[in-house]
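Trainee: This is what each chain is made of:
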Amino acid sequence: MTLVADVDVRLDGFHEDLHLEVADGEVVAVLGPNGAGKTTLLRTLAGVLPLDAGRIVLDDLVLDDPARGLLVPADRRPCALVYQDHLLFPHLDALANVAFGPRRHGRSKAEAAAIASDWLERLDVADVAHQRPGSLSGGQSQRVALARALATAPRLLLLDEPMAALDVTQRTAVRALLRDHVVRSGTSCVLVTHDPLDAAALADTLVLVDAGRLVQRGGPSEVARRPASPWVARLLGVNLLQGRVHGRWFDLGAGLAVPVSGQSDGERWATLAHRSVVVTPPAVGTGGGPGPTDGSGVRWSTRVVSVQPTGDRVLLGLEYPVGLTADVPAVGLSGARWTEGMSVQVSIDASGLDLFEPPAV
Amino acid sequence: MSSTAHRVRRPPIVLLVAGVAAIALLALPLVGLVARVSWSTLGSDLTSPAARDALRLSLVCSLWATGLSVVLGLPLAWLLARTEFRGKSVVRAVTVLPLVLPPVVGGVALLLAFGRDGILGRPLFDWFGIQFTFATAGVVLAETFVAMPFLIVTVEAGLQVMDVRFEEVASSLGAGRWATFRLVTVPMISSSLIAGIALTWARALGEFGATITFAGDIQGRTQTLPLAVYLALEGNERVAVALSFLLLVVSFAVLVALRGRWLGAVRR
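Going down the list, the protein sequences come from chains A and B.
The first sequence begins at 1 in the working numbering and counts up by one.
The second sequence begins at 1 in the working numbering and counts up by one.
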């Protein structure tokens, strides 16, 4: 099965215009900032929002083609839509919520209940089958919502931030389950997320959108290695170094340059993992002011501008001379604690940099 | 410090006096009514043939009017809340007009439309022999005219508050528009619907002006409780008080039934 969609919709001054293809059994993750049009895209595919122009074709079935006046309504599309706030029907218990789809697809009451129990079991929420959504936790609700969508055996699964309400261990479990289901059933899936971990774990292809337009499309590692813009790099959680090669130097501006070899002169970008930025608190009394202390090297001193704990590690924001994020152990060498405004030494391994030409704008 | 806080809490004297006057104005007539109830004869007053007829007729007509209001008003409320069409503001104005229209004017309007000489009433009578004036059907029509707006307004408000994405999810699960309406929309607005039904029924039960103008005042056929009260007041005041007391109890019961919705909402 292949989905080919040319989506063109206008909503209150917002114009979405992008092309999307999803192959048989492929998981496409759509990433982008809030208001980029990710949810709008899902709604057009589900059929709850008609296109203004363009075309949506699933295999050889035209789902939406305003030019020819064709529109297959949502209830006759082999798609299931899961919104991030799960939207379980509050007047039905979990089992009846999941049985809703099979019932509408013509299954008998008993068959629908059996299918629903099975899905609740597989998503590890069988114990809440007879509870109403009001008494479920966020994680339980989200899994019941996924079960409800999967119970209709959709050919195209449309997920809007499906992991938002889950904690880390639940996420891992649900990701594995979704991955497994998609692979085994050949279901195609469009997954809207802004969590790069979801995208990396589930998706075959990343589609990055901003302001209703396609910014980049590619495999997760390819996109992470060659982000098409600074915000793509930010979204994927990698540093993007932007500079210019002069002879044997990759000049990052503000007097900071990194030695390189085998590069012709010109604009270059390079990505740098957060964990590849090494930060050390300088010994007391030796800390210099912000700025490069060694213009010929890959070590300089600067100040920490933000500290964001992430469990046993910390994300440090480093501003000058280049904006970098460093992922470091929560407790640094010699037991020092990271604080804003702290003077630190930063070093990067220049030999590992993979320089590439920035995309033509 | 504490005296300052105390002074801030004390309401301005003007508001206090006006507020007490307002509650007195609302409560004293009810106290007066209850005080005049002749408890020893209450049973027999309420079971006299005229009272029984009025009671039966009021129940039958108000239930019919409520049923009609649901069957016709619920779809109209849905159309107003979920669809866009030309002239929607006019439709909405017509919908709520009976809320502010003097009921007597409503009765006159019904007479001119559905009376024996009315634009619709004449062909209905000439071709089918259907007559609303001086008939129980006329009472139902008058009560529906006056009460249905309560149902439409309440249900439409409930529909506006409901997240339409529930309906989108239902359709993506394979529910057609009718199934979505029946299985998702209606259950999800059930509290609005119940409140609307209670208000509609209470309004229909108390209907007087439009009924007496349009359907007339015939015992056993068009004489509902409010009409019986009005008539009894001129001859047998004790019966009028007894019937009034009955209507007061019913109104109070409706209020109690709705307390979770309104008194509760105010408390929050």
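Since the hints were made in silico from the structure, they are not lab data.
Be a bit skeptical, because a hint or two may be false.
To be verified - Facing chain B, according to a computed beta carbon distance under 7 Å, are these residues of chain A, among others:
hint: 1; residue: Pro50
hint: 2; residue: Leu71
hint: 3; residue: Asp75
hint: 4; residue: Leu81
hint: 5; residue: Tyr83
hint: 6; residue: His91
hint: 7; residue: Arg104
hint: 8; residue: His105
hint: 9; residue: Gly237
Note that the structure is predicted; figures quoted are calculated from it, not measured.
Ideal Cβ placement from N, Cα and C applies to all residues, glycine included.
Trainee: A separate judgement is required for each hint: does it hold in the structure or not?
Mentor: Hints and how they fare:
For the restraint placing A/Pro50 at the interface with chain B, the shortest Cβ-Cβ distance is roughly 12 Å, beyond the 7 Å limit, so the hint is violated. Here the hint on A/Leu71 is broken, as its CB sits about 13 Å from the closest CB of chain B, past 7 Å. Interface hint status for A/Asp75: upheld, as the beta-carbon distance to the closest one in chain B is roughly 5 Å, under 7 Å. Satisfaction of the interface hint for A/Leu81 is found here, the shortest Cβ-Cβ separation to chain B being roughly 4 Å, below the 7 Å cut-off.
The restraint placing A/Tyr83 at the interface with chain B holds, with a minimum CB-CB distance near 6 Å, inside the 7 Å limit. Hint status for A/His91: holds, given a least beta-carbon distance of 4 Å to chain B, under 7 Å. Annotation: A/Arg104 was flagged as interfacial toward chain B, and the flag holds, the nearest CB pair being 4 Å apart, inside 7 Å. Checking A/His105 against chain B: minimum C-beta separation of about 5 Å stays under 7 Å; hint holds.
At its closest, the beta carbon of A/Gly237 sits 30 Å from a beta carbon of chain B; the interface hint therefore is violated under the 7 Å criterion.
The structure does not agree with the numbered hints 1, 2, 9 stated previously, though it agrees with the rest.
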